[in-house]
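Q: Each chain is listed here by its residues.
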Amino acid sequence: TQLLEQSPQFLSIQEGENLTVYCNSSSVFSSLQWYRQEPGEGPVLLVTVVTGGEVKKLKRLTFQFGDARKDSSLHITAAQPGDTGLYLCARPRGYGNNRLAFGKGNQVVVIP
Amino acid sequence: EPEVTQTPSHQVTQMGQEVILRCVPISNHLYFYWYRQILGQKVEFLVSFYNNEISEKSEIFDDQFSVERPDGSNFTLKIRSTKLEDSAMYFCASSTLTGAKVETFFGQGTRLTVV
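Sequence order for the protein chains is A and B.
Residue numbers for the first sequence follow the working numbering, so the first one is 1 and each next one is one higher.
Residue numbers for the second sequence follow the working numbering, so the first one is 1 and each next one is one higher.
So that you can see chain A by itself, here it is in the shape it has in the complex (with noise of 0.2 Å):
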């Protein structure tokens, strides 16, 4: 079962373009950490979403929860090289939440 949808699997964008990713589920979220990775290294924390309908931004990222708490968006404004990478989506699953469960992850490149 694929509890975290994510598309578009890959983006290729140029430098300066805005991109947003989405993260969705069938199923309703107590919160959605997102994510990034780049290759050979582990997913670095960018953020928590909790309430539905929360919106957090961090520099020229904004992360959306959707208002059901099923679904997530990450928007890029102004994209840069350095934004490249894996995003990835994860929920509390399991246990006490005890334990996350990923998403395959939205492949970002950026074009200088």
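Since the hints were made in silico from the structure, they are not lab data.
Even glycine gets a Cβ: it sits at the ideal position worked out from N, Cα and C.
Do not take every clue at face value.
What the hints assert, rightly or not - List time: in silico DSSO-like cross-link candidates among lysine-lysine, alpha-carbon distance up to 30 Å: (1) Lys83(B) to Lys101(B); (2) Lys70(A) to Lys42(B); (3) Lys42(B) to Lys57(B); (4) Lys101(B) to Lys56(A); (5) Lys57(A) to Lys57(B); (6) Lys59(A) to Lys104(A); (7) Lys101(B) to Lys70(A); (8) Lys101(B) to Lys57(A).
Unchecked claim - If you anchor each label on the Cβ, the simulated ranges turn out as follows: (9) Val55(A) to Glu103(B): 16 to 22 Å; (10) Arg60(A) to Glu59(B): 37 to 43 Å; (11) Val109(A) to Thr5(B): 28 to 34 Å.
Given the structure of chain A, go ahead and fit chain B onto it with the hints provided.
A: Here is chain B on its own, set in the frame of chain A:
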């Protein structure tokens, strides 16, 4: 800034050998985890550990795997008899809390190659 540290960064081992992957979680964290990521695939949960015992494990975490917190700072994952399919990146992680507001921090990973 506090971080999760893992050693070694790379490990090559022969099939059937035992390996121990080491981690130092963030010092005030109470919950510790191991995840793995096979090349090109999703990050998968292996095991969580709290109060000196396993709190949850996945179906991947069979009898070949074990975890230990041998002292106040280290957290280890042992694979008793490695198989080719154990080749993956192994990530240690830690968090202060569980529940909806959990924030989990990951180490840089150990790349395990079984030959």
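Q: Can you give the numbers of the hints that this structure goes against, from lowest to highest?
A: 1, 5
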